[in-house]
Amino acid sequence: MSSASNETARRVAMLRDMARIRAFEREAVAAMRSGEAPGVVHPSIGQEGVAVGVCANLRRADRITSTHRGHGHAIAKGADARAMMLELHGRAGGSCGGKGGSMHIADFAVGMLGANGVVGAGIPIACGAAQAIRLTKEDAIVACFFGDGAVNRGPFLEGMNWAALYRLPVLFVCEDNGFAAFTRNSAVTAGGGPAVRAEACGVPATAVDGEDVLSVDAVAAELVARIRGGGGPQFLHAKCYRWEGHTGTDAAGYRPAEEAAAARGRDCIRRLAALLDPEEVAAVEAEAAAEMAGHRAAAMAAPWPDPGAAFTDVQDAGAPA
Amino acid sequence: MSSASNETARRVAMLRDMARIRAFEREAVAAMRSGEAPGVVHPSIGQEGVAVGVCANLRRADRITSTHRGHGHAIAKGADARAMMLELHGRAGGSCGGKGGSMHIADFAVGMLGANGVVGAGIPIACGAAQAIRLTKEDAIVACFFGDGAVNRGPFLEGMNWAALYRLPVLFVCEDNGFAAFTRNSAVTAGGGPAVRAEACGVPATAVDGEDVLSVDAVAAELVARIRGGGGPQFLHAKCYRWEGHTGTDAAGYRPAEEAAAARGRDCIRRLAALLDPEEVAAVEAEAAAEMAGHRAAAMAAPWPDPGAAFTDVQDAGAPA
Amino acid sequence: MTRMTFAEAARRALAEEMRRDPLVWALGEDLVQGGIFGQYKGLAEEFGTDRIVSTPISESTIMGAGLGAALCGTRPVVEMRIADFTLCAMDELVSQIAKVRYMFGGQGRAALVVRMPQGMWRNSAAQHSQCLEAWLTHIPGLVVAAPGTPADAAGLLKSAVRSDDPVVLMEPKNLWTAEGEVMEEIAPIPFGVARHAAQGDALTVVTWSAMVPVVEQAARESGIACDVFDLRSLWPWDEAAVIASARRTGRLLVVHEAVTVSGFGAEVVARVVEALGPGGLRAVERLGSPRAPVPFSPPLEDSIRLSPARVADAIRRVAAVGA
Amino acid sequence: MTRMTFAEAARRALAEEMRRDPLVWALGEDLVQGGIFGQYKGLAEEFGTDRIVSTPISESTIMGAGLGAALCGTRPVVEMRIADFTLCAMDELVSQIAKVRYMFGGQGRAALVVRMPQGMWRNSAAQHSQCLEAWLTHIPGLVVAAPGTPADAAGLLKSAVRSDDPVVLMEPKNLWTAEGEVMEEIAPIPFGVARHAAQGDALTVVTWSAMVPVVEQAARESGIACDVFDLRSLWPWDEAAVIASARRTGRLLVVHEAVTVSGFGAEVVARVVEALGPGGLRAVERLGSPRAPVPFSPPLEDSIRLSPARVADAIRRVAAVGA
Ligand SMILES: Cc1ncc(C[n+]2csc(CCOP(=O)(O)OP(=O)(O)O)c2C)c(N)n1
Ligand SMILES: Cc1ncc(C[n+]2csc(CCOP(=O)(O)OP(=O)(O)O)c2C)c(N)n1
Ligand SMILES: [Mg+2]
Ligand SMILES: [Mg+2]
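Residue numbers (our numbering), protein chains in the order written: chain U, 14 to 334; chain Z, 14 to 334; chain S, 2 to 324; chain E, 2 to 324.
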């Protein structure tokens, strides 16, 4: 293949992943709203470019840690979307056998070390994963996703210092969607922001337009190359916007509707689509929609887990009777 | 008084406090080594200039939070040194009735809100104290002392952001003595250091030679004035050196003896003394030594607390029977 | 009496306390927006954002700042959002707040309230469903309250705000929208006094928090004459009432949502057995969660959830021993 | 058999495990310097600073990095310095480490060891003396071990390192310098098997950790024929041995350094009473610390410390009930 067609193929692949994430989350939110899916879903709709642009530069052996808003990271890293959909429906065959749900999806087979219900908790875990990779001389890196709210939690500082100190192969990705739950994050964050904080701890930082997947891809490529080359950790500050509410049922009344509307106008999917063959785009989107609708139908049809599964996989010694 | 004699008086007062701290800690270390004082003592010998230079700019209504290495802060803030000595001997009449010991000395009467056995724990407490002061419209500020090791703990980041966000009247004082227990702190700290981290979170930082009390005094005066003027928090990064081991019995074999010897050559007390009348200096030092020897003797002669005191001041509702 | 939700009762109680005492204020994430259960709704409008403070996601500092603010004479209400996040602030709660008064020989007091809604709610899974009340009863210095009705939510909150001790208030997440009768004038409810929720001679049933309505229903449906105590506060707890009842009935059942192993039910059982001597009882049982994390999927959650039917079975089982 | 200190026994066990398995490594503050009790002495020299890692004062990350490293196939030994500092890393231990295997449906396991030396030692006062083992027994997913002798320190450490479960190892600070006999070849000691430290028919005494030598001495000096169990691990714990003994003696005394209220002694008592029925026992007592923080001053510490004399009194008291 020529490099131009290579590049096109890469773009189509990224479009596909973004479309798949969006379709997945549209289904997930609908399922949550209708009550088909129990619990809570945190959609990353509008932010797909960050997950996809970063993960386009990762290999299967690389690991990621994720957040409560983690469907996109998982899908972009190659996780089994059908198993994910079953998981958030709480069904047998789900990624975690129905034990985790949307906030705890993991897919170790592709290096997805888990979503996390605790803000910032993935940061120390990513540091340790990288330390293990170093110790075992694996050829892999770790990408650690977190939100702008996480930069106000202590583990953020600890993890930045830690990764810089041990020069660990970690790409920190701050998805700055402007909000921490119902609070505009700038209203509770002082100083120069996430990137400045990371640099203060010795992690070089780069800002990127997270709503432009090609920019994310390009910058991530560069940072990942530095990390693989032994350059130590890097920090990617990706500006984006959370189109939906904090959860699938939050109407987000705490912010002007125009703001969200403006963000919809910067849609990472449409921006990439504009560079591609419209027919191909339509096909990719239709395929993604069909795939995820199929997964949702499969989830609804899937059996519930055996109630006894509530007692397994706790621990070996001293397991519940 | 002329401004020159004012200045001399201020210097003598600072010399006195430094000499008193040193004499106090010499006695405390000796008492720990001999077994007269139970538990552990963390001497701040060599670092007195920081505590004294800062507290010279505080008023009685101002508050301080302190650390495991807190005798100096307490004495400089005007705490009752006799009660402190009794406290670290575990005697009745001690600052905390013998319940706290060296690591938990407090003297609320002079705004000393307590030493702390947990690295970094004073930072959030100082933020809250300042918030209360704001709420009650008290005319006071808070000085928050901590070591260079504390800048690697999460609460450091949280507290800096918090104080900057709410523009709280807090002076953060990082006593950078180069070591965190037995580890050279630079070996576990990445990036540009404490001041850079504070600034990244929105707290303006100023560096000072902590072994020169006049510099500390001058800079603290400036920062305190800004804080009292409503300018929000300030950060003072004071370089110094821990002459002794981490505790009174640590021989500090993990560092070259010359390094400590060099620091002794930069003695904050001698440097100030050199600017003062030698006779007055000698008198101040002799008085300080006598005072603290007296306190130690008083402590040894003081009664032990009533054993029943172990059960009091726990709580009102549900107190131990 | 007015019928209202648990959240509304708690909201009113706090509003009244804030009106009464200008030193009372609250801090936590999203408080200006009303809190995630609506328990702070409208308070920022009434009291301003200096007294209803929306904070960064900084649990250590939310808790630690609460302490500092208490030491300087204000009465903070520290909102942890959910109890699980208190795990991010345990040093501040356990090594600082609980100990300052004692360590400093009584010089300072941590007169504050720490609110931590807890327990299972809407399939929140392992990290958002924990019940850790037993932990806090183990920590000297802390008062631990766990209301199970709207009226108690309001009355205990008032006592918590007025207490000079640090009070941990564990509201059951699952009951925020439950309704109940609340007095027009909300009176503080003293700590250590159980609510005698049902009277009977067959056995003594002790419970608290989210299990209160479950146990009440089970007791009604069991057909057994139960002496039911809603402890309301776990430290101090109403040992006298429970021991007197158990002495009379000779049978003790403790029901809680938390994991049974090392749960507070163990303390209740041990204390009653010590007080009466083992010979003073004919039957003892604890009913709680298995020692497993809380799973997400509804049928899995159901396999660990204590339903009225399961509690009624236990009631009948205990009542039957030696009868 | 060789006589050696607790610290030396633990040090040897870890060194042997690190020789056996290159995936074993340790992280914590001041480890390269040998750890604060000398339990890592010489290990950095032998294994290098990639496997004996001195860390910043970042407890959350020490713990959380341990988890990440375990999920990527290594076997970290996470050193917390003292148990109290685990309070700075509770989210990582309780909401992450203990739950990952379950939450992720068995995909990953936190095969790691968390060491947290605990208890009173040299008048360390309230923030450096806590015993929190009961907390951890309440948390599904965790194995909890609490050795009381050098031999058990070594054997349990080996089991902890080899376990695929996360194991919390609570070493008694006060016993690091205590000496005991240790086998030339240190064998792993399985969890859940108590050491039958003394045999007798008058009463069953259950203890662990720092109270082991205290109880052993008290049992000898009491003049009573005690059946003494050193549990060694608290989850799982040797219910079978204790229940069988209590069935025989009809009397149960549990002794621990931790606060009595909601301590693990409550669980032991509750479990035995449930298993035997209250009628199966004649006397039950728990002996622990009062619900007060640990004070600094020696006479104050002594008023809460369990001495052999106080334990012997309790032994005689329990033995006398109904005798
Ligand atoms: C330690 C902790 N505190 C609070 C919460 C509740 N919470 C869940 S998501 C969230 C907002 C997180 O904001 P951000 O990190 O920006 O991520 P986003 O939701 O925007 O993706 C909060 C406060 C939590 N899960 N963990
Ligand atoms: C959270 C916590 N971790 C570890 C310790 C043990 N510790 C006590 S002092 C100390 C070193 C602190 O270094 P620094 O902050 O620089 O203060 P310095 O001792 O130099 O005054 C350590 C690690 C502690 N007290 N608290
Ligand atoms: Mg955000
Ligand atoms: Mg230092």
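Just so you know, these hints were derived from the structure itself, not from any lab. Be aware that one or more of the hints could be misleading.
To be verified - Derived DMTMM-like pairs: lysine to aspartate or glutamate, alpha-carbon spacing no greater than 20 Å straight-line:
no., chain 1, residue 1, chain 2, residue 2
1, U, K150, E, E182
2, E, K159, U, D329
3, Z, K150, S, D51
4, E, K159, E, E180
5, E, K42, Z, D329
6, S, K159, S, D202
7, S, K42, U, D329
8, E, K159, E, D22
9, U, K252, U, D225
10, U, K150, E, D51
11, Z, K150, S, D22
12, S, K159, S, D22
13, E, K159, E, E186
14, Z, K252, Z, D225
15, S, K159, Z, D263
To be verified - Covered stretches of chain E, going by a simulated chain U footprint (3 or more residues, C-beta under 8 Å):
no., region
16, 71–77
17, 107–113
18, 136–143
19, 157–166
20, 294–304
The beta carbon of each residue, even a glycine, is placed where N, CA and C say it ideally should be.
Chain U over the region 157–166 of chain E, status - at least 3 residues with CB closer than 8 Å: holds (count 3)
Pair hint outcome, E:K42 versus Z:D329 [Cα-Cα no greater than 20 Å]: Roughly 46 Å between the alpha carbons, so the hint for E:K42 and Z:D329 is violated.
Given hint S:D22 paired with Z:K150 - CA-CA distance at most 20 Å: holds, 15 Å
Proposed proximity, Z:D225 with Z:K252 (alpha carbon, max 20 Å): Answer holds: Z:K252 to Z:D225 is near 10 Å, not above 20 Å.
Pair hint outcome, U:K150 versus E:D51 [Cα-Cα no greater than 20 Å]: Within the cut-off at roughly 12 Å; holds.
Per-stretch coverage check for the region 136–143 of chain E, three Cβ contacts closer than 8 Å to chain U: Holds: 3 residues of the region 136–143 of chain E have a Cβ under 8 Å from chain U.
U:K150 paired with E:E182 [C-alpha distance capped at 20 Å]: Since the Cα atoms of U:K150 and E:E182 sit roughly 39 Å apart, the hinted pair is violated (cutoff 20 Å).
Coverage assertion for the region 71–77 of chain E with respect to chain U, Cβ distance below 8 Å, three residues required: Since three or more residues must qualify, the claim that chain U covers the region 71–77 of chain E holds, with 6 doing so at under 8 Å.
Hint consistency between E:K159 and E:E180 [alpha-carbon to alpha-carbon, up to 20 Å]: It holds: about 19 Å lies between the C-alpha atoms, which stays within 20 Å.
Given coverage of the region 294–304 of chain E by chain U, tested with a Cβ cutoff of 8 Å and a minimum of 3 residues: violated (count 0)
Distance restraint between S:K159 and Z:D263, which requires alpha-carbon spacing of 20 Å or less: Since the Cα atoms of S:K159 and Z:D263 sit roughly 50 Å apart, the hinted pair is violated (cutoff 20 Å).
Proposed proximity, U:D225 with U:K252 (alpha carbon, max 20 Å): Roughly 10 Å between the alpha carbons, so the hint for U:K252 and U:D225 holds.
Of the numbered hints stated above, those contradicted by the structure are hints 1, 5, 6, 7, 15 and 20, listed in ascending order.
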